[in-house]
Every structure is written in C-alpha cells, then in structure tokens.
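A.B. asks: Here is how the chains run, residue by residue.
2 protein chains.
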Amino acid sequence: MPKVILYIATSLDGKIARSDGSVDWLESLPNPNGLDYGYAEFLAGIGTTIMGRKTYEVVLGFGVDWPYVGLQSYVATSDQAYVTSTPDTFRVSYDLAAFVGQLKSTTEKDIWLIGGGELIRYFLEKDLLDEMILTIFPTILGEGIQLFPGHLKESNWQLMDIKSFETGIVNLTYQRLK
Amino acid sequence: MPKVILYIATSLDGKIARSDGSVDWLESLPNPNGLDYGYAEFLAGIGTTIMGRKTYEVVLGFGVDWPYVGLQSYVATSDQAYVTSTPDTFRVSYDLAAFVGQLKSTTEKDIWLIGGGELIRYFLEKDLLDEMILTIFPTILGEGIQLFPGHLKESNWQLMDIKSFETGIVNLTYQRLK
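If you read the protein sequences in the order shown, they are chains L and B.
1 is the number of the first residue of the first sequence in this note's numbering; add one for each residue after it.
1 is the number of the first residue of the second sequence in this note's numbering; add one for each residue after it.
Keep in mind that the hints are not guaranteed to be accurate.
Note that the list lumps identical chains together, so a pair holds whenever it fits in one copy or between two copies.
[Claimed, not checked] No farther apart than 35 Å at their CA atoms in a straight line, the calculated lysine-lysine pairs in the DSBU-like style are these:
(1) 178 / 126
(2) 178 / 3
(3) 126 / 163
(4) 3 / 163
(5) 3 / 126
These aren't lab readings, by the way, just hints derived from the structure by calculation.
With the sequences and hints as input, model every part of the structure.
C.D. replies: Okay, structure coming up:
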C-alpha cells in the first residue's frame with residue numbers, strides 16, 4: 001500500500017516560506033555541485049501529490065513550468081467551484097480523509113503531501129501521514145509561514161534515516177509510530 | 001575565547017516545553033540504555049550558564065536539586081530587585097550584550113545559553129550566539145513554547161556535526177556564519 005509522505009524543506013526555525021510565500025532563501029544557499037538532496041530518488045517513488053489551495057497558488061506564482069508533470073496532483077479546497085489550471089491537476093473539495101483512503105487503496109506509488117501548514121495539521125489530526133522527510137536548511141529565517149502551525153495533535157515518530165550534505169543541509173526521515 | 005552555545009532539546013515542531021512549561025515528553029521517550037545524548041561531554045566544556053527569568057523559574061518548579069552546581073549561573077531579568085535562590089546564581093539586569101562581552105573576555109570555558117525563547121531572540125538580535133546544539137526529539141508536540149519565537153533576525157549557520165541515537169534523537173550542531 002502506498003505511503004503518504006510529507007517531503008518539505010524547512011528553515012532551522014521551522015518556516016517553510018517567508019510571510020509572503022517566497023522561498024528565495026532556499027535558492028540562495030550556495031550549492032556549487034548542484035546537489036538535489038535526494039529529490040530525484042524521492043520523486044521516482046511518487047505517483048500523486050496533494051497540496052492545499054494556498055500552496056497551489058504559491059507554486060503557480062513562482063512563474064516556472066508546472067513542477068509535477070507526470071504526477072496526478074490534487075488541490076484541497078472547500079471551494080467547490082475552484083478551477084485548476086495545470087496538467088493532471090484536480091480539485092478535492094469533499095472529505096479529504098476518505099479521498100486519501102481511496103487513493104491508498106487504488107494507487108501503487110507513494111503520495112506526496114506538499115503542504116502547506118493547514119493541510120499538514122489536517123493530515124496529522126486524521127492520522128493520515130505515514131512518513132516525513134524534513135530537509136533542514138541552515139538558516140534561521142525569523143519570520144514566515146510555519147511548517148507546523150499551532151493546535152496540532154501530539155504524535156510520536158521513529159527516526160528512520162539521516163542524510164547530510166556538504167552544503168549544510170540535513171534530511172531527517174521519520175515514520176509514524178502508531 | 002569562550003563560545004556562547006545554545007544547547008537545548010526541541011520537539012520536531014520546534015517546541016521546548018508545553019504551554020505550562022512542563023517537559024514530561026522529554027522524559028517519556030524510552031531510553032533503556034540511559035543515554036545522556038552527549039550531555040556530560042558538553043557540560044565538561046561549560047563554565048557559565050545564562051537563562052531568562054521565566055526559564056529560571058521553570059527550572060525551580062521542577063522540584064529537583066539545582067542542576068547547574070559547579071557553574072556560575074546568570075538569570076537575565078529587567079527586575080533589579082529580583083532575588084535568586086540557588087547556588088552560584090546571579091541576577092543580570094543591566095545591558096546583557098555588554099555583560100556577555102565582558103564574560104567572554106574574562107572567563108575561559110564556554111557559556112551555555114539555556115533559554116528561553118525571549119533570550120534566544122535577544123542573543124540572535126545582538127549576534128551573541130556562536131553555536132547551537134539542537135537535540136531533536138521524535139515528537140510533534142503540537143502546542144507549547146517555541147524554541148524560536150517570531151520576529152527573529154535572519155541568520156545563516158554552518159552545520160558542524162550530526163549525532164543520532166538509537167532512541168530516535170538527533171543532535172545537530174551549527175556554528176554561526178558571520
């Protein structure tokens with residue numbers, strides 16, 4: 001059965017973006033050898049992405065080509081009239097937990113929870129998250145959108161893997177302890 | 001010259017304590033082999049501790065013996081009448097940046113910044129922090145006192161060391177990039 005994996009970059013102070021959604025600080029870390037921090041390997045196991053509407057619009061605002069070509073992408077929103085505008089991208093506006101359950105029983109590859117904070121809160125609340133891969137950047141941002149906003153359900157995790165890179169980035173992989 | 005080191009345990013979601021200051025979740029992580037996560041080694045290099053008044057009172061509230069025996073401890077407070085009640089513990093109520101500068105030029109062993117969030121913010125703002133050792137517990141607490149509260153000065157760090165332990169704890173050591 002596929003896993004639901006939160007795979008996300010965070011600052012040392014747990015921010016996933018500046019308050020205006022910008023992620024310039026991710027790109028400004030010197031990376032002379034063009035490391036991908038395991039992204040290609042991760043992506044090879046993914047069939048589906050899920051993201052919140054705000055995150056979707058942040059990605060659209062980057063002004064780059066749709067980064068999830070070849071994947072089925074789902075945008076969670078309560079707006080039943082919301083229209084997506086990118087390849088293989090669909091709105092999910094009904095019971096998300098039921099949708100994820102259905103997805104897990106009908107697809108084979110893993111499901112990438114892209115974010116943002118509100119959707120992460122929901123997935124934790126409903127115990128829908130199986131794994132987290134946190135890519136920790138060596139920056140204290142000081143201000144911004146929190147990876148883990150307040151009012152989350154308490155949960156325990158098992159450390160599965162650590163990878164560090166010459167640029168100072170650390171990938172921590174955790175599996176949900178049930 | 002001694003370094004100022006923030007050495008602190010944090011949850012995966014960047015909390016250092018529950019909202020009421022309690023740290024039961026630190027003690028409830030199974031640790032059958034009694035690992036100290038490098039604490040004794042760290043402590044051997046420390047001569048001085050600095051903590052905020054609220055943190056001091058949280059430590060007093062633990063109802064255990066004073067944990068910093070043998071060290072000079074300083075409690076930062078704007079209350080010039082504040083009275084400390086533990087061994088070798090002194091109030092600092094004047095310019096803390098000047099005090100830290102003086103401490104660095106008159107002592108040899110490193111200075112442990114114990115916390116909490118407000119003092120960490122001040123040390124970052126004034127560029128007083130040389131090193132951070134973050135002990136990351138595999139728990140999402142969901143609610144509590146933030147290690148890095150908002151409105152921090154942005155700063156970049158260099159990853160110096162990673163240690164992981166069988167209990168799922170990871171120690172990340174960073175040095176300030178100036």
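A.B. asks: Each hint should be assessed against the structure and marked as holding or not.
C.D. replies: Hints and how they fare:
For a Cα distance limit of 35 Å, the shortest separation of residue 178 from residue 126 inside one copy, 12 Å, qualifies, whereas the shortest one across copies, 43 Å, does not. Taking the shortest alpha-carbon separations for residue 178 and residue 3, only the intra-copy value of 14 Å comes in at or below 35 Å, while the best inter-copy value is 41 Å. Proximity of residue 126 and residue 163 under a CA criterion of 35 Å is satisfied in both settings, with 29 Å inside one chain copy and 32 Å between copies. Taking identical chains as interchangeable, the C-alpha atoms of residue 3 and residue 163 lie at most 35 Å apart whether they share a chain (20 Å) or sit on different chains (27 Å).
Proximity of residue 3 to residue 126 under the C-alpha cut-off of 35 Å is restricted to the intra-copy arrangement: shortest distance 15 Å within a copy versus 44 Å between copies.
Checked against the numbered hints above, the structure breaks none of them.
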